[in-house]
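Chains as they are written, first to last, in my numbering: chain A, 562 to 783; chain B, 4 to 116; chain C, 237 to 911.
No lab work stands behind these hints, which were simulated from the structure alone. We put the CB at the ideal spot given by N, CA and C, even for glycine. Some clues are possibly wrong.
[Unchecked claim] Heads up, incomplete: computed chain A residues facing chain C, CB under 7 angstroms, no partners named: (1) S574; (2) H579; (3) I583; (4) F587; (5) S590; (6) M593; (7) L598; (8) H602; (9) F622; (10) L626; (11) I629; (12) L631; (13) I693; (14) Q694; (15) V697; (16) S700.
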Amino acid sequence: MSETADAHDAPTSTGIDHKKLIMWLFLASDCMFFGTLISTHLLYRKLYPSGFTDAEGHQRFIQNLFNIELTSFSTFILLMSSFLMALAVSAMHKGEIKSFRRNVLGVIFFGLIFLGCQVFEFTHFYHQGLTIQNSVLGSTFYVLTGTHGTHVAIGVLWLILMYFYSFTGKLRGHMGALDVEVAGLYWHFVDIVWIIIFTAVYLVEYLGPNGIWGTGLPAAIK
Amino acid sequence: MSSSSEAAPSQEFLIEETRRYHHFITLALWLAVVTGAEIVLIFLPIPMAAVLTVLSLMSAGKFFAVILWFMHLIYDKRLLLWIFVAALALTFATFSALLALFSVDLLDPKWIS
Amino acid sequence: MSHDSHHAPVACKTELAPERSDLGLIRPDRTTGWTDWLTTVDHKKIGILYGAFAMFYFLVGGVEALAIRTQLIRPENDFVTARMYNQLFTMHGTTMIFLGVMPLSAAFFNFLVPLQIGARDVAFPRLNAFSLWTFVFGAFVLNASWFFEFAHLAGWLNSFDWHKALVYTDFAPANGWFSYAPLSGTFGQNGQALRFTGVGTDFWIIGIQVLGIASLAASFNFICTIINMRAKGMTMMRLPVFTWMTLITAILIILAFPAITVALIELMFDRAFGANFFNPSAGGQPVLWQHLFWIFGHPEVYILVLPAMGIVSEILPTFSGKALFGYPIIVFSGAVIGFLGFAVWSHHMFTTGLGPVPTAAFALLTMAIAVPTGVKIFNWLGTIWGGRVRFTPPMVLALGFIWMFMCGGFSGVMHSAAPADSQQQDSYFVIAHFHYVLLGGVLLGLMAGLYFWFPKIFGRMPNAPVAYIASGMVILGFNLAFGPMHYLGLAGMPRRTHTYQAGNGWENWNFIATIGAYILGAGVFIAFVNLFWTAFKGKKCASDPWGGRTLEWSLPSPVPEYNFAQAPIVATRDAYFEDRHGGKRIAYENDGGEAGVHMPSQSWMPLVASAGFLFAGFGMPMMAMGVPHAGWIVITGLGVLILGIWLWAVEGPGGYMLKTPAAAGSPAPVETAAH
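Chain A on its own, in the form it takes in the complex (with noise of 0.2 angstroms):
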C-alpha cells in the first residue's frame, strides 16, 4: 500500500483505498435494490400462491414450470465464476498478470454460460404461457431475474474491458490490483444476489407437495 509517493494516492484516514470503500458503500446500497425487488417477488408468491393462467386459459403451477436440473447448474457455474475471480483477484497481488488473465477468462466464460441459461430459461418459460403481461408472477419474476440477469451482463462487459485493458500494459502495480479487486467485489455480489435468489425463489417452491406459498387454491383474494 505504501509504494504510491503520488499525493493522488495518499494514504487515507482509514486505511482503506478509496475505489474499495466506495464499492462497498455501492454494494450496500445494491442490498436495498435487490431487498426490494426480492420481496416483491415474494409479496406476491404469498398473496397469489396459485401460479398464472396461460394463454390457453389453463392454471400453471410454478413447480411444473421450474426446472431445477438447469437452474442448479447455473446456479453452479456462478459460484464456480466466483472462486475463479477471487483466484484472479490473489493473482493480481501477486503481480501474476498471466495468471490473471486466465482466471479472468473463466469468469467471462461462466458468466456468458449463465446469461445463456438465463436466455434459455426464458424463453422456455415464455413458451411454457408465462409472460410478464399475463400475470403479476410473470412480471416480477422476470424483472427480478432480468434485473439480476443485467448486473451479471454488465460484470462480463466489465471483465472483458478490463481483459483487453491487461494488454496496454496498464493495469499493474497496487493500483491495478485495486481496479481487479473492485470489479471482483462487483462480481461476487451478483453472485451472493443469486444465492440468496436460488434459495428464496426457486428451491422454496419445491418443499413439500404444493410448495412453501401452497396452490392458493381457492385464492384468497381475487
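Based on these hints, arrange chains B and C on the given structure of chain A.
Only chains B and C this time, still in chain A's reference frame:
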C-alpha cells in the same frame, strides 16, 4: 507510477496469498457441496419447517462465506464489514416488515368495514 | 494511471503546458470561462453550480406555488384549469424537493465538506462532476414536460400523426409528487393495459430516476470523502456538525433511493411493457407502490432536513459565542433520527388499513422520532443560553428555523396519533405541517446557510439591511401563508383541490394564505437578488467576517483552488476557534509551497456520460408518446452513457502540480475578523 510498485511482492505476502489461495479452493468445494445438499434436501420427506430452517441457514452460510473470504472482508478493515452488515440488517428488517404487512388476513372484511 | 507527464509546478493553471490524456485528447486543464465551468472537477465550483441551479429551480417552484395560491385566492376561481392545477402542484412538489432543496443542500456539501475536514478535494472529483451534470440533465428532462405541455396547449403539436393518436394529452406530470398507483399506472388485463394518465407521468418517472442516480453518485462520493479524507487529528468526534449531518444524509440517500429506483422501474415496466406490478385488474397491489414510495419517501424527509439542521448547528455557536451545547448528543440524535427514519414509513399510510398491530407500531415509532428531534432543539437552546448573541442575518434565519421547525414538529406529533391522522389525512392540515417543516425548517436553514457562507464563497458581504428585510418578509409571509392552513385543514378543506365553494368558512383564510404566499415569494425573491448581487458586486470582506469556528474560516476568501496551502493538523473540535482563542493551535504539514499541491485534471467525460441521460431521458417519454424513431434517441443516450464512462475510465486521472504561496513550515497568513 513510482518504481517501487514494480518490485516483487515480499515473501510473507506471497505466503499469505498462497494461504488464501488454499482457503479459496476449500471454500469453492464447500459451496458446491452445500448447493448440492440444498437440491437434495428439498426432495426429502421431512417436515417443511425443518427443511426451510436448514435451507435458510445453508443459504446464509454460503452468503457470508462468500463475503468473508472471496470478498476479503475477513482480511480487510472491520469498517467495511460493518458498512455491509449494517445495510444488510436494514434491508432484512425493512423487507421482513413489508412482507409481514402484506398479509392476506389483513384484507379480511372485518378490518375493512 | 501514469504520472510521467506531470508538469512542473506552476502558480496558475493557465501557465500549464498542454497535456494529452491517455486517449490522446488535450486535457481541458488550462481553460477559463465556459469550458472551465463545464469541465471543472473543483468541488467549490461544482458547489456553486449546484447552488445556482438550485436557486433557479427554487424560483421556478415558487412561481408554480404562487399560481396555485392565486387559483385558491377566492372560491370557484378560474385562474388555471383543473388539469393545469394538478400539473402545477405536482411539479411544485417535485421541483422543490428534488430540484430545489436537495441540490441546494448538495451545494453546501460540495463547497463545505472538504474545507471543513481539511481536505483538498473530494475522493472522486470527476464522479462529483458527473453527479452535478446528471442532476442538471435530470432536471431538464423533468421540466421538458412543461415545454411539451405548452406546445400542446398552443396547438403546435396538432399536425403530428402521433399526437392525433394519443388517448391522453397531458404532457406535464399531474399525479402529485408521490405519483400514487394506480393513477400513475395502468389498468386492464393481459397486455391490453391502458394508462390512466398521459406522458407527463413518463417524464416524471425518468426524471426522478436520473435525479436519483445523481444523488446516489454524489452520496457515495461524500461518504467516502468524509470517512477517508479527514486531515490529521480530525477524528470523527471532532468533525464539524454540518459534516456529520452530511454523512448521515448521504447514508440515508444510499439506503433509501434504491427503493424508489426499483419502484420506478416497476412502474415503468407497467406503463411501457404492460407488466402488472401495480395493475389492479391483474391482481397488482397499488398499495405496494405506496409502501415502496414511502420506504424511500420518509427517509427522504430527513434527507431534506438534516443538512439544514447541520447548518443551524454551525451558525448558532458562531453567533452565540459559545461552543455547541452537547456536541456528542447532537451527533447521536442525528444518527438516531436517520435510523428511525427507516422504521416509520407506514405512518403515511394509516388510512390504507394496515391493521391494528402495524398501525400501533408505526404510530409509536413515529412518536419516538420526536425524542431525538426534541433533544436537538434543547441543545440549540442550550447553545444560545447565556451566550452573547449577535443578531446577524444568518442568526435571525437560524432562530426562525428553530421556532418554525418546532411548530412543524408539533403538528407532526399530532399526525403520529393514528386516529387523529385519519381525520387529517389529505387535508390542508398536512400541507401546513410539512410546509412548516420544509419551508419554516429547511428553507430558513438553507437561507441562513447562504447568508452565512456567502462571504466565504465569494469573499463579499451581502447587504445586511436588505437581508433583514428579506428574512422578515419570508418569516412573516410564511406564517401568514401556512398558519391558516392548520385551521383550513381541520375545517375540512381537502388538499389538491382545484377550487372550493363559498360558504364553508374557508374564504377568508384562503385569502390571507394567498397574500402571505405573495409576501413570502417576494421575500425569497429579494433575498436571492440580494445574494446574486453580492456574488458580483457586494462589498469585499475579510476572510473570517463572522468569527467562525471551523477550518473553512482559516482560509482566504474566495478559497484558492487547492484549498489548504499546507494540509492542517487539528488538535480539537472547533479547530479554528481554538486556534485563535484557545490554547490548541492548528499545526500545518510541511507540504505545498514550491513543490506544489497535486490537483486533479479537468475532464469532459463526466459531462459526456451525463449527456447520455439527457438523450435517454427525452427519448423514453417520446417513445411513450408514439413519436416515430424515438427509440433510437434512447439507444443513442445509452450508447453515449457507456461511451462516456469507458472514455472516462481509460483517459487516466492525470493531474498537475500547483504552487502555493506558503513558505515551508509557517502557516499562511490569515486576515482576522473585521469587527
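Structure-based check of each hint:
no.	hint	verdict
1	S574	4 angstroms, holds
2	H579	4 angstroms, holds
3	I583	5 angstroms, holds
4	F587	6 angstroms, holds
5	S590	4 angstroms, holds
6	M593	4 angstroms, holds
7	L598	5 angstroms, holds
8	H602	10 angstroms, violated
9	F622	16 angstroms, violated
10	L626	17 angstroms, violated
11	I629	26 angstroms, violated
12	L631	24 angstroms, violated
13	I693	5 angstroms, holds
14	Q694	4 angstroms, holds
15	V697	5 angstroms, holds
16	S700	4 angstroms, holds
Checked against the numbered hints above, the structure breaks hints 8, 9, 10, 11 and 12 and satisfies the rest.
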